[in-house]
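Peer 1: Chains as they are written, first to last, in this note's numbering: chain A, 7 to 382; chain B, 3 to 421.
These are calculated hints, taken from the structure and not from any lab test.
Heads up, a few of these hints could be off.
As the list claims (entries may be wrong) - Calculated pairs, BS3-like style, for lysine-lysine (alpha carbon to alpha carbon, straight line, at most 30 Å):
id	chain 1	residue 1	chain 2	residue 2
1	B	Lys-291	A	Lys-179
2	A	Lys-331	B	Lys-298
3	A	Lys-140	B	Lys-291
4	B	Lys-10	A	Lys-16
5	B	Lys-280	A	Lys-235
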Amino acid sequence: MNFDFSDDQKLLRDQARKFLTDKCDRTVVRSVLEDSQKNHSDDLWKEISTMGWTGTAIPEEYGGLGLGMLELCVIAEELGRSLAPTPFSSSIYLFAEFVKLFGTEDQKKTYLPKIASGEMIGTFALSEGNGTPKPHNINSTFTDCKLNGQKLPVNDGQVSDFIVVAANTDSNKNNNSLSLVIVKSNQDGVKSESLETIDPSRPSSKIVLSNADAELLGNSGEGWEMIQKIFDRAAVLFAFEQVGGAQVALDEAKKYSLERYAFGKQIGAFQALKHKMADMYVKIELAKSNAYYGAWALSSDSNELPVAAAGARVSAIDAYHYASKENIQIHGGVGFTWEYDCHLFYRRAKQLALNIGSVRQWKENLISNLEKRNIV
Amino acid sequence: MDFNDNPKEAEFRSQVREFLDQNAQKRSEVSLTGSSAGAPETVSGEDAAKEALKKAKEWQKKKAEAGLAAILWPKEFGGYGGTPIEQVIYQQEEHNYFVHSGYFEIGIGMLGPTMMVWGKDEDKKRYLPKMLNGEEIWCQLFSEPSAGSDLAGIRMKAEKDGSDWILNGQKVWTSGAHFADFGMIVARSDPSAVKHKGLTYFFLDMKTPGIEVRPIKQISGSANFNEVFFNNVRVPDTQRLGEEGDGWKVSLTTLMNERLAVGDPPGLDFDQIFDLTKEVEVEDGPAIKNSEVRQKIADWYVQSRGLQYTKYRSITALSKGQTPGPELSISKLVTASKMQDVSSYALDLMDMNGYVLDDKNPVMNNLFQNGLFFSTALRIAGGTDEVLRNIIAERVLGLPQDERMDKKVAFKDLPSGKN
Chain A
7 MNFDFSDDQK LLRDQARKFL TDKCDRTVVR SVLEDSQKNH SDDLWKEIST MGWTGTAIPE
67 EYGGLGLGML ELCVIAEELG RSLAPTPFSS SIYLFAEFVK LFGTEDQKKT YLPKIASGEM
127 IGTFALSEGN GTPKPHNINS TFTDCKLNGQ KLPVNDGQVS DFIVVAANTD SNKNNNSLSL
187 VIVKSNQDGV KSESLETIDP SRPSSKIVLS NADAELLGNS GEGWEMIQKI FDRAAVLFAF
247 EQVGGAQVAL DEAKKYSLER YAFGKQIGAF QALKHKMADM YVKIELAKSN AYYGAWALSS
307 DSNELPVAAA GARVSAIDAY HYASKENIQI HGGVGFTWEY DCHLFYRRAK QLALNIGSVR
367 QWKENLISNL EKRNIV
Chain B
3 MDFNDNPKEA EFRSQVREFL DQNAQKRSEV SLTGSSAGAP ETVSGEDAAK EALKKAKEWQ
63 KKKAEAGLAA ILWPKEFGGY GGTPIEQVIY QQEEHNYFVH SGYFEIGIGM LGPTMMVWGK
123 DEDKKRYLPK MLNGEEIWCQ LFSEPSAGSD LAGIRMKAEK DGSDWILNGQ KVWTSGAHFA
183 DFGMIVARSD PSAVKHKGLT YFFLDMKTPG IEVRPIKQIS GSANFNEVFF NNVRVPDTQR
243 LGEEGDGWKV SLTTLMNERL AVGDPPGLDF DQIFDLTKEV EVEDGPAIKN SEVRQKIADW
303 YVQSRGLQYT KYRSITALSK GQTPGPELSI SKLVTASKMQ DVSSYALDLM DMNGYVLDDK
363 NPVMNNLFQN GLFFSTALRI AGGTDEVLRN IIAERVLGLP QDERMDKKVA FKDLPSGKN
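Chain A on its own, in the form it takes in the complex:
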């Protein structure tokens, strides 16, 4: 057993941290947060792509670096720490993974090299409004090669060149009727409008599809299964982003508590605050360990992945939520001002807690996968 990242992976982490400290300070995050016309930081995206991060886990034959999922986990944690306002997760954890796992040779050749180089951005569209998306409540359809329906929210929808869309191929909606298609966003049948969200540093859209041209991805009727697989993989990567963000929220709470004096001493010397920060630490450590387990399951293609991914996500959601809200609390009054950065983490924590399904959904996934495992 060796339950840690390798020296090379740690080196990558150090480089990524240094790079992002330099290229993605809070003014970069705020440049997207505070400008409703701005969908992401184009400069940062170009820098990240030049570094090759977008191609980390894409095989060399498709223009990637051909490293593994562990390296992608390392980068995810750093992106989470820096609150990077880029479509990295939509394009890499979702779109690229869909094509990599389920695309035809042609599709891989078409999409992956451009995704790896960063010149193309992709995303995934599942939700159609309130409630938990399930095959029976997806109303978008794909019939006669035409895609119709409405998707919201679609993370990074505005900047995406291509979108993997979940749609029913059968009017009799069930688990075997949902399919995935790839649709080009720059065409008459695709209208995209911005949505305001709780975290404007990660913009979303509403996408309206009217007789849009699209091509099938993977086998018809196997959409739900494919989504579960990709979400399990993405859950681990997002967990690293969440752990990274939670860690910085704790670090900033600590820093402030050492600078701020009240009643004649540093507020960080009061047990009420010390114990709160200890609790933040405990939740983050548990989340980190669950994420490591997810990373192992992901990188080794283990059957454990569904359980490991759900565990990683549930734990990471809890840790980031707690760390980001108590960071505000420890800052006191300035904590809820626009000027201080506490809200950036609070926003991101909730955005990440919902983007591929709420904690309710993932707890349900966890227990149902444990039941299945028990039967086996």
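Chain A is fixed; fit chain B onto it per the hints.
Peer 2: What follows is chain B alone, placed relative to chain A:
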């Protein structure tokens, strides 16, 4: 990152499995409803406790004969001379079997290593083998009525008398003192020194005249801890460990090992409540089909596995030559409250029958009813939740220490509320 055994680890695991298969019964084959015992904390009743101790000693002897009684101890003292990872492998495998344990951890995990560091060769030869094979049980005499969280505040008097020391005072919360053969004790040899300087550390025979052990009946009804009274107890100076006045330093050896010694706590965790949810019915059918129940137990799964994987991370660090830090303090902090919450929720699931705690009508061996009470002790013993949070805040996060008035003043001049 590799979660699988390397070839050497795999070989060790199969060796352990073979030993366990030949000598113990699989947990899955033991009925939980029968009267059977695991760790001492889950045993209630005097006869059951005696029986459990007897079985535990037999089991320990078998382990010792197979060389598996103390994975981390060096071979010269009868240990396996193994790595922390091998220790985990052994624990993982033993966990799948129903064996009686929980009596030897303090000796093997904490006191043995203390003797290895501070004891004389002849003492190591005399005591360690019997500590290892379960023939002699050891207890740790640290806490006192006025020294709990503030452990260094002990008042037990140690006065030199020729080549002996005379001990007077009281210890409390001593696990297993009622069946222990030997103990290690820290006492105040110089009250005019500051708190941490005036202590001296000894080991002693629990049958020495003047020692009186009184079990403390806990809210669970069982008595795992004791008060131990010392009335002119004579201990030869040859049984001193470390220099006079260095007792705190020696104690730290014991306490550092505590973090490693604390194995997986008695079986009351996600797995048990997951089993229960399949057995009991709630208003709309089997509990496991109820969505509120599913939401609730998922939290305990991630806590439980999060701790397990944190331990693996620590062990990996250890195997690379780094020392395990106070981050292991999170283990008991999380475990104890989890046990309390799991127990309470399990009783809710049993509904009205949940308050029955009857050996003749047990539900899952009364595991959760006992857990309801035992968890209250676990949140306090070995560092309260609050002390552990302080440790994390100060030693891991580097936050300021609490203001303390006991660092500069002679011990005898500290306020105690009694003078």
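Peer 1: Indicate, hint by hint, whether the structure satisfies it.
Peer 2: Cross-check of the supplied hints:
1. Between Lys-291/B and Lys-179/A the CA atoms are separated by roughly 25 Å; this keeps the pair inside 30 Å, and the hint holds.
2. Of the supplied pair hints, the one linking Lys-331/A and Lys-298/B holds, its CA atoms being roughly 22 Å apart against a limit of 30 Å.
3. A distance of roughly 19 Å separates the Cα atoms of Lys-140/A and Lys-291/B; the hinted pair therefore holds under the 30 Å criterion.
4. Between Lys-10/B and Lys-16/A the CA atoms are separated by roughly 26 Å; this keeps the pair inside 30 Å, and the hint holds.
5. Between Lys-280/B and Lys-235/A the alpha-carbon distance is near 27 Å, which keeps this suggested pair within the 30 Å criterion.
Checked against the numbered hints listed earlier, the structure breaks none of them; every hint is satisfied.
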